[in-house]
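Engineer: As a plain string of letters, each chain reads:
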Amino acid sequence: MRYLIAGFLCLLVTSAGPIEGQNTCQGVDRTSAVFLANFRGMMSASGAGLRARFSLPSVPPSEIILVTDPATCARAGQAADSVMTSWDPTDPPIATTAPLYVIKIGTSYAVVDVSDPDPNDEYASVFVFGPGWVFRGIVAM
Amino acid sequence: MNATKVLALWTVTTLLVASGCMDAVGPAARGISLPVPTQIAKSIGAPPPRAYGLPSTPRAAVYLSQYLQDTWTTLVASGAVMLYAKPKLPGSTAPYVTTQSVGVTGLIDARTTGGCVLHVGMMDNMPGFGPCGSPGKVDTLLFKKLARPRAIRGPLPNSGYYECSPNSTECHWTSLADSSVIVEQPIPVSLNKLATTKHTAIFPYNETTPIRFNASRTPDSIRVGNGKHAHPMVMTLWQWIGADSTRRSSNSYCPFSPPSPFFYCDFKPQEAGRMVVKAYTGGWEQTNSVTVQCLVSDGDSALNDYANDYRVREALLDLLKQGHADSLVTAGWNASNPRGWRRETALVIWRLPNGGGFFTVQVNDPNADQCHITIPPSAYDNNNPPIPGATAYATSHAHVTSPDEELFCEGTGPKMNGRKRRYAGKPSDTLDTSKQRRRAGKQDSTNSGSDSDWKRVEERRIPTMLIAKNGFAYKMQRLDVVEWFDVPLARTYRALKGKGIHDVPITDAEKRCTWVPKYGP
Chain A
32 MRYLIAGFLC LLVTSAGPIE GQNTCQGVDR TSAVFLANFR GMMSASGAGL
82 RARFSLPSVP PSEIILVTDP ATCARAGQAA DSVMTSWDPT DPPIATTAPL
132 YVIKIGTSYA VVDVSDPDPN DEYASVFVFG PGWVFRGIVA M
Chain B
27 MNATKVLALW TVTTLLVASG CMDAVGPAAR GISLPVPTQI AKSIGAPPPR
77 AYGLPSTPRA AVYLSQYLQD TWTTLVASGA VMLYAKPKLP GSTAPYVTTQ
127 SVGVTGLIDA RTTGGCVLHV GMMDNMPGFG PCGSPGKVDT LLFKKLARPR
177 AIRGPLPNSG YYECSPNSTE CHWTSLADSS VIVEQPIPVS LNKLATTKHT
227 AIFPYNETTP IRFNASRTPD SIRVGNGKHA HPMVMTLWQW IGADSTRRSS
277 NSYCPFSPPS PFFYCDFKPQ EAGRMVVKAY TGGWEQTNSV TVQCLVSDGD
327 SALNDYANDY RVREALLDLL KQGHADSLVT AGWNASNPRG WRRETALVIW
377 RLPNGGGFFT VQVNDPNADQ CHITIPPSAY DNNNPPIPGA TAYATSHAHV
427 TSPDEELFCE GTGPKMNGRK RRYAGKPSDT LDTSKQRRRA GKQDSTNSGS
477 DSDWKRVEER RIPTMLIAKN GFAYKMQRLD VVEWFDVPLA RTYRALKGKG
527 IHDVPITDAE KRCTWVPKYG P
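First to last, the sequence lines map onto chains A and B. Count the first sequence with my numbering and you get residues 32 to 172, in order. Count the second sequence with my numbering and you get residues 27 to 547, in order.
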């Protein structure tokens, strides 16, 4: 019985909000609009080269949306953390609840963390993942 | 050495000095290595004053400048020469000219043909520098096309036997060390900004009346004595340069055999472009031009500033050129140039007071690279405008990289959860994950700048005008809306052909409305 109660509380915490170490979702704002506009622009015929570079599908603009599902955003943070760690295992990211912009592009995703802004960063670096969170590359926006 | 040789040597020496050819033996011959020029200095302009030496030798002459077309010129002569005389014989009663200094208008001597000695005069019946013995004046002459006027020294005084010697009439002489200097300069005449009956049009231009381009000069005339004379001006070239340059212009415009006596050109352009005129006036061939372009449809007053010949557009296009957008992305990297050639460039667009239109001021950031450039707040501070009363209209910078190109920037890179990885800062950076170096591709936005650009718009409280290598310009401005979806993020203008996500087939209408770049280097 105690295990059942503990499990229920755990489920309650999970569904009530982010637990420590899981990224959250950024809401709609100017920045998300910029990212959405960028990816929607890539769906034009002339964006074929860029789409191929990131193995992105060609989808209608309506299928390019800002993700608001916490679980997906948390998974996106883990995927991006994995990429960062693979580049430098000695300096892995620290799991945080920082909100991420996660954009769904058909069956692919784009993930970007704009917290802790750096004045030298003219461009935001956007992680692009294919289905199954396979890393496809980074695009600067 | 006879007088002729002395005269020739004198003339050559004087001309070399006057024309600045003292460095006839080049630096290389002296083993000096000059740095490669990094910018173009003014290479052509109004002819400078030229000085010619006229020896004191009687009847010596010197050629003055030759102009390709009739040119009004001022001449100023100066410098006294000594006239030496042998002692007068006792008992001689003739009016004898004694040793004395002689000015440029000479000395009156009734016994000499013309009544004047050692004066500086002009040949070919051209007026000289004033009556004999007068203080002299600035002479204003019309140098005729291709003529080479000559200044000439007057004779020695006439003498007879038994004035200074019973055996000779040669009683006077001058010193080769003496001379007069004649400074010659064309009267300045400037070719005015080329005028046009239309600054904007719809292309191809099919109206019945062609666009007329009118050339003019300032001043247009000169008053010499009691007469008023037009400053000569001869058209030597009319040339239409289409901005898109993909179609042949009609070759029937402005039919003329140079030099043309007409100061205008009637033309029906097929596309936006620049009419260039060359005209010889004021002693040199001058160039001017004017553009005829399409207006941008949203009526942006800076981009449509035709009264100032669309100079904001010109400045924006020039940002791409200055940022070496067409160079290889890896070009120019070396120890002394650690950021390569390609880099972002920026300017501030200012609005002049009283409806005077717009002008731009370049922003210099020595640390600019392919990813960023800093525009300090002082550059767009309305409390400290470059011209009193001007107000900052927009900041502007160029995105010099296409989406399909790599870019190299120091200090930037992906980050996640408090950790950062760096992009390759330069082409030689090892792409070793342990060094956290990666290469990045870049994407210019569909209809907006980068996220950072939008932040700047918010911070600066004035719009940002982007010009991108993809051929588009964007105007990013704060919108008084809260909902960011489904509103245009930026005004988009097709400025020129380009390569990028916007590289959709450019329409014929867009081609014909290509912005006109700066003329010349």
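It is possible that part of the hints are untrue.
[What the hints assert, rightly or not] For lysine-lysine, the following DSSO-like pairs were computed, each having C-alpha atoms within a straight-line distance of at most 27 Å:
id: 1; chain 1: B; residue 1: Lys481; chain 2: A; residue 2: Lys135
id: 2; chain 1: B; residue 1: Lys537; chain 2: B; residue 2: Lys523
id: 3; chain 1: B; residue 1: Lys294; chain 2: B; residue 2: Lys481
id: 4; chain 1: B; residue 1: Lys523; chain 2: B; residue 2: Lys347
id: 5; chain 1: B; residue 1: Lys224; chain 2: B; residue 2: Lys254
id: 6; chain 1: B; residue 1: Lys446; chain 2: A; residue 2: Lys135
These aren't lab readings, by the way, just hints derived from the structure by calculation.
Engineer: The structure should be examined with respect to each hint, and the outcome stated for every one.
Structural biologist: Hint check:
Taking the CA atoms of Lys481 of chain B and Lys135 of chain A, the gap is near 24 Å; set against the 27 Å cutoff, the hint holds. Between the alpha carbons of Lys537 of chain B and Lys523 of chain B the distance comes to roughly 8 Å, so the proposed pair stays at or under 27 Å and holds. Distance check on the hinted pair: Lys294 of chain B and Lys481 of chain B sit about 45 Å apart at the alpha-carbon level, beyond 27 Å; violated. Proposed proximity of Lys523 of chain B and Lys347 of chain B is supported: the alpha carbons are some 14 Å apart, at most 27 Å.
At roughly 33 Å between alpha-carbon atoms, Lys224 of chain B and Lys254 of chain B are farther apart than 27 Å, so this suggested pair is violated. With a C-alpha separation of about 24 Å, the suggested pair Lys446 of chain B and Lys135 of chain A falls inside the 27 Å cut-off, and the hint holds.
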